[in-house]
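Numbering (UniProt numbering), first residue to last: 1 to 259.
Hints are not guaranteed to be accurate.
[Said to hold, decoys possible] Cut-off 35 Å, straight-line C-alpha distance, at most; resulting in silico cross-link-like pairs (DSBU-like, lysine-lysine):
1. Lys124 with Lys147
2. Lys187 with Lys207
3. Lys187 with Lys124
4. Lys79 with Lys90
5. Lys147 with Lys187
6. Lys77 with Lys4
7. Lys204 with Lys90
8. Lys77 with Lys124
9. Lys90 with Lys187
10. Lys79 with Lys124
11. Lys90 with Lys4
12. Lys16 with Lys124
13. Lys147 with Lys90
14. Lys233 with Lys204
15. Lys147 with Lys16
16. Lys4 with Lys79
17. Lys4 with Lys16
18. Lys147 with Lys233
19. Lys37 with Lys147
20. Lys233 with Lys4
21. Lys79 with Lys37
22. Lys90 with Lys16
23. Lys79 with Lys16
24. Lys147 with Lys79
25. Lys187 with Lys204
[Unchecked claim] What follows is a set of in silico ranges between Cβ atoms, one per label pair, in the way DEER data are often shown:
26. His28 with Arg136: 46 to 56 Å
27. Pro83 with Glu25: 20 to 30 Å
28. Arg136 with Leu99: 34 to 44 Å
Bear in mind the hints are in silico, worked out from the structure with no lab data behind them.
Idealized CB from N, CA, C, for every residue including glycine.
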Amino acid sequence: MGVKIGQVIERNLSSKGVSFIVAIEPQHRDLVQGDSKFVVNSRVDVKVGLDGVEFLGASASEWIDGGIRILPGTSGKMKSTYPLYANLEKALENSLSDLPTTTLTLTAETLPDVQAGSVVLYRKFEVGEVITVRPRANTFDIDLHIKPEYRHLLTSNSVFWAEGGAKVQLNGSGLTVQASPLSRALKGAISFDNLSGASASRRKGDKRILYASETSARAVGGQITLHAFDAGKLAEGMPIRYLGIDIGQIQTPGIDHRT
């Protein structure tokens, strides 16, 4: 609410970190509950949403002195010590780590074109970021952070795929090139959408699968395997047609050593 209810009177540095001694004015002490949270008052908050970009600036005195804001609690007696969160998002997630918290982990058989800091998109709208990419014996694990306000978009039918710098597709209709924004071209991105189908919620253990492309991700509900004695005229990306209508495409032609 922007009302001053106390001040920092001492700061101490130790091997465990920095601690602050805070004095709360007597008439306002009943406002601090056991589950209240203390957050560093950022000079400028930037909020990106469907309505655009919103900048929230601190007051002139806060620009000079800084400050701590309190998120009101609902229960419990005032405690003698509280954690100090770096920002509002970390306070809502009860996280004191420098890295964002992991919302979910994806797995991929090959190294995806993403890295720490790559954005996570839901229908082209940014909802999170990649925290880490970790190699395993035969796979790669990708930890994602989804912002709390967008986590309701995750369902059991959410399917994920890697976005490259540009999509180049060659098929019977010709050559198609779709370029991505510069930031995504440099760092890559992961997209997801909610798809219906029996295989939409496929997992490996407790991890969701990261598909190499949007085409392969959207085909998870209808993948079939065809066998042929001569595949010399078949290639990846060729369309599958029914009565002249494209209904799919060839994904990964290969040799079946069992036949």
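Checked hints:
no. : hint                          : in the structure
1   : Lys124 with Lys147            : holds, 15 Å
2   : Lys187 with Lys207            : holds, 23 Å
3   : Lys187 with Lys124            : holds, 15 Å
4   : Lys79 with Lys90              : holds, 20 Å
5   : Lys147 with Lys187            : holds, 19 Å
6   : Lys77 with Lys4               : holds, 21 Å
7   : Lys204 with Lys90             : holds, 29 Å
8   : Lys77 with Lys124             : violated, 45 Å
9   : Lys90 with Lys187             : holds, 24 Å
10  : Lys79 with Lys124             : violated, 44 Å
11  : Lys90 with Lys4               : holds, 23 Å
12  : Lys16 with Lys124             : violated, 42 Å
13  : Lys147 with Lys90             : holds, 10 Å
14  : Lys233 with Lys204            : holds, 33 Å
15  : Lys147 with Lys16             : holds, 29 Å
16  : Lys4 with Lys79               : holds, 20 Å
17  : Lys4 with Lys16               : holds, 29 Å
18  : Lys147 with Lys233            : violated, 47 Å
19  : Lys37 with Lys147             : holds, 19 Å
20  : Lys233 with Lys4              : violated, 75 Å
21  : Lys79 with Lys37              : holds, 11 Å
22  : Lys90 with Lys16              : holds, 20 Å
23  : Lys79 with Lys16              : holds, 20 Å
24  : Lys147 with Lys79             : holds, 29 Å
25  : Lys187 with Lys204            : holds, 26 Å
26  : His28 with Arg136: 46 to 56 Å : holds, 52 Å
27  : Pro83 with Glu25: 20 to 30 Å  : holds, 22 Å
28  : Arg136 with Leu99: 34 to 44 Å : violated, 20 Å
The structure shown violates the earlier hints numbered 8, 10, 12, 18, 20 and 28.
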